[in-house]
Amino acid sequence: MKNVKTRITLILVLSICCALPVMSQSQKTAKKPAKSKKIRPAGYTLPKITYKPATSPVYRQAGTMKVRTMPKLQRAYLAKDRSQLKALAVHRQPETGQVILLKTAGKAYDPAAMLTDRQVEDASIAYLESAAAVLGLENVKGSFDLSVHHRDKLGHTHVKLQQYYRGIPVYASEIMVHFRTNGEQVVNGRYEASPKGLNVSPTITARASEDLAKIHLGQRSRFIEKQPRIKGSLNLRETETELVILGQLYTKGKPELVWHHTLYPNFLERWEYFVNAHTGEITLFYDHTCSIDPDVATATDLNGDDRTINVYEEAGTYYMLDISRGMFNANQSDLPDDPVGAIWTIDAQNTDLDNIFQVSSPNNTWTDASAVSAHFNAGLTFEYFLNTHGRNSIDGNGGTIISVVNVTSNGNPMDNAYWNGQVMAYGNGDQAFTPLAGALDVAAHEMTHGVISKTANLEYMFQSGAINESIADIFGAMVDRDDWQLGEDICLQSVFPSGALRDLEDPHNGGTPDDFFYQPANMSEFQDLSSFQDNGGVHINSGIPNHAFFRYATAIGKDDAEDVYYKALTDYLTRSSQFIDLRIAVIQAATDLFGASSTQVTEARNAFDDVEIFDANGGNYEVDLSEHEGQDWILGYDINPANSHTFFISDITGSPTSFEALTTTVSKRKPSIPDAGGFALFVDTDNNIKIFDTDKDSTKEGYITDDEFWDNVAVSKDGSKLAGISIYVDTTIYVYDFGKEEWKEFTLYNPTFDSTITTGGPRYADALEWDYSGEFLIYDAYNVIENPGGEDITYWDVNFIKVWDNTADDFADGEVTKLFASLPEDVSIGNPIFSKNSPYIVAYDYWDDFSGDIFVQAANIENGEVGTIFSNDLLGNPSYSKNDDQMVFTTIMSSDTVIGIIDLKDNKIEPDGSTAQLIILAKWPVWYSKGHRVSVEELENLSGDPLIQVLPNPTSGQLTIEFQLEASRDVNITLYDIHGREMVHLARPAMNAGHHRESLSLDHLPAGTYILTVDKEHVSRACRLIKF
Amino acid sequence: MAKLYKLRLFLLWFTLAFFGSTSCNSQKHTPETYEKRQITIGSGGGFTGFVTAYTFLENGQVFKMESQKKTYEALEKAPKKEIKNALKKLDSINIKHSEFKHPGNMYKFIELKEDDQSYRITWGDNKHPVPPDVQTLYDHLMTLVQPSKE
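Chains as they are written, first to last, in numbering that gives the first Met the number 0: chain Y, 0 to 1027; chain Z, 0 to 149.
These are computed hints drawn from the structure, not numbers from a lab.
Ideal placement from N, C-alpha and C gives every residue a C-beta, glycine not left out.
Careful, some of the hints might be misleading.
Distance windows between CB atoms, simulated [stated by the list, open to error]:
#1 Z:Asp132 with Y:Leu45: 53 to 61 Å
#2 Z:Ala73 with Y:Leu491: 24 to 32 Å
#3 Z:Pro131 with Y:Ser493: 58 to 66 Å
#4 Y:Asp527 with Z:Glu72: 24 to 32 Å
#5 Y:Gln348 with Z:Thr135: 50 to 58 Å
#6 Z:Thr135 with Y:Asp527: 50 to 58 Å
#7 Z:Glu72 with Y:Arg150: 25 to 33 Å
#8 Z:Asp132 with Y:Gln532: 22 to 30 Å
#9 Y:Glu741 with Z:Ala73: 53 to 61 Å
#10 Y:Phe531 with Z:Asp132: 57 to 65 Å
#11 Z:Glu72 with Y:Lys904: 52 to 60 Å
When the alpha-carbon atoms are kept at most 30 Å apart in a straight line, the in silico DSSO-like pairs for lysine-lysine are as follows [unchecked claim]:
#12 Y:Lys743 with Z:Lys126
#13 Z:Lys80 with Y:Lys801
#14 Y:Lys817 with Z:Lys95
#15 Y:Lys36 with Z:Lys126
#16 Z:Lys126 with Y:Lys817
#17 Z:Lys112 with Y:Lys801
#18 Z:Lys126 with Y:Lys904
#19 Z:Lys63 with Y:Lys801
#20 Y:Lys566 with Y:Lys31
Derived, one-sided and incomplete: chain Y residues facing chain Z with beta-carbon distance under 7 Å [said to hold, decoys possible]:
#21 Asn349
#22 Asn419
#23 Tyr459
#24 Phe515
#25 Phe531
#26 Asp533
#27 His538
#28 Glu814
#29 Ala820
#30 Glu824
#31 Arg996
#32 Ser998
#33 Ser1000
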């Protein structure tokens, strides 16, 4: 049996993350290089810092900033109509000079105008006609027909067109037209210049041509006599024939009219023949026998049932590897140990996943019933998500599904099954269960955990964790939909009175609250558990949403209910969702699918009412910062060799008249500026940390350190702390607190789960930025996975590290969190930044070492969505604008390195238009504001109103606000945290005059100090509130 | 002579009483009654939610607890020195101030109980890799788990 542990581990570490879209290939080469660093010398003493920057300097500006619109001049280069297409990139085939990739800028296309096949085809043909001169095409309209089209998650529309000449298809000549939301259009593919003078009426018949081909093939292969009975039973296929034009790519000369025959001489072989339709000459032929055809077997599963399973054979050995699905990618697969798009079952051979082996057979007979069950059930669950919800595999992107059987726990028999973030692992049972692979609902439950991790990614603690478990149970019951029980096929009756582990219909499951198989059925029975108990009751309180689903599905039917819940999971639930958010998500999903007044919506309300999850305002976990009132500027770095100045500031339009040079000191890196914007830090070429004033009228510049130790530095948003990295290969991030006047070193680390790969993980950090709480740093790190069996794998990834604890007012423990659990192979990300106002939005550079693609991307940490903002030619080092409605970054335009600017959609992770040049011959833009945000103190100084009462204060969670209105008014009640971030908001429009009482729940908020404001139009009241 | 006999009798009684009482005391402790420090490690979650935990008392006693049984099973004692070293390691990890609580579908934990207060580190979410020294301590403590020879 072949040990595939190393290979599998690499697949697991580098498995495709669905959030990162697969991009088209190009030939770009720029990427973030690994540094040639030295090993850090031992015993280095960090310097004493005497400089102390002022924290939160205030630069107030009169008036209010208006939302800026770009001047027309900046967008003048964009084409006004199709006849003015401006090629951004053209790649030609060296031999023929034909265009194989064309990228142009134009107007953003209107998706609403491209819904039908006809609309899509018309738009594509119109575009090709506008580009016909560049492409060398004539009579476009009669030469291309729509083949297929689809719109991806980013909103881009991709169209495939087949080329024809006088009604005859040109063999393998297809053009892809891509309409991107940013206004770019891309054409790629292979096509034939319009043939001239080609006679398209064949001289010889198809039958005569086929005979010629068979005579030719008879010298190379063995024909089996076709007998109808045998042919029917073994599915020997008939010859397929088509008249086509074979282009010069294949003829190496002029295009030819040919008969194309696909011949099947026997059960194994497939040949392609191209016979000149005028001369009868064999123009081209080749053996097209697929070397990776799937195979099938019949095997007995754990329940004694004979199952037909898909397997794969190579060199006389059969593997439990299903490559028969549409998602299988033969080109990217290296079988049998590195499949892409397969359903794969492997064997831990009674270890804790320490050793992993192929499940194989020399003769296609299978004796491991656990493996048969796991393989068969994984296939059924894959089919359920594909056929019912249109979801292509766990990641939605055709990623391989891996099941591991014969798994132990701490070396002991495992009474369990689990999803570990990469694979489904099955134990063989012990005291309570038979082998867990034997139950379809277990397989569906575990695979659903995978789907959850790729969608809402619900936090696995407390109510969000209980929703996570509940959703896994719900789809477990929908895949194995003959009852409402979970685990009924693998539970020992002697342990479980009901015969099942859980029951959506009856969460009590035949027990009392003291029984481990009991679950609460409604909120009155909710168990308020600490994180030490089942992570806050994730397997216990899941009974409540489970029962809500049972009520819902029995009211409207399983078919509608599963559609609503899948939409709620993929479109509305987020990482922090609570039970009330689940109610809101389900009702909204039902509204989307069936309408607001539908039975499906009414019954959703009833179902949640039944389990006492009542109507209320859900939590808003995407909490933005308060408004920054300062004037904004752009700090850039001049790369014009004729200019000795380096850093300069400009206004946000990039107006040359606003340029002010600040220094001539050469910097190694992009500078770092605190939120108040008064100064900038950077590292000079002598490896010292320097500081300069960002005031255009100031020339202040000085040293923070002069020890020639540093490679990069970041200042916290409030200016109270520094973080830096050294010039060495050094897994340390150094953090300095100006208050304590102390350094603290934090060591980077990374996970590994395979002892055969000695992974050093991160070798050093590089780009750094502080978050707005002052507790976390986001950074990128260069990683090396040492692979004794092959070439080392290197990549950059992005992580968070907690370096400060605001509650303890001290350094934190250095906990590391990854932005993405894994990255696709050859993909790196780096240069991360936070948005200016949404702490849950980050942007970064993305690059693919294989394809050469480079993008500026952004991600919403809360809902897991990722957007591609710009396709770049070099790393962009992006920076958000003051209001997050724009982004600036380094790019190349007309061969010049420039600072580009692009508008963003409201979600802050997608572009809203095209990129424009802002500042030429410049890089490393930092968009910053001088001034401060609306502060807690300002909130507290709002005018008082003795007629407002807030009780109790301090509060354990429930708050009552009483107030009097003299007349009808709009009332807004808002709770802020001590950083000025809005945590809760209640809007009560047009309240009548009189006495009012409002309730506010703070249960979902951590203990601490908050500011509550009550606004009655022009009268406000604010108070400090303690939650304990 | 009688006095000497009485003294011998007293010494015999004292010896029996002393060793008898200490012997009984060492057998009587359970994690629920033990008042000194104790460490618990465990793993669980998954489809069932079951958790298996091992508790090490400072005096070397080791117990196993399975969540579905809710009773302690005494295991073979571990060397006290090993427990002391583990307690020191937990101090160096600063478990009392750690906020590392990142369970995955399957998770592990290490917990210190001291003066009726419990402090726990939980891991299992791939996006939150546990610090290597915590994993090392967990693995080392697992090597001290041995079935009872009685």
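Are there hints from earlier that the structure breaks, and if so, what are their numbers? 1, 3, 5, 6, 7, 9, 10, 13, 19, 20, 21, 30, 31, 32 and 33
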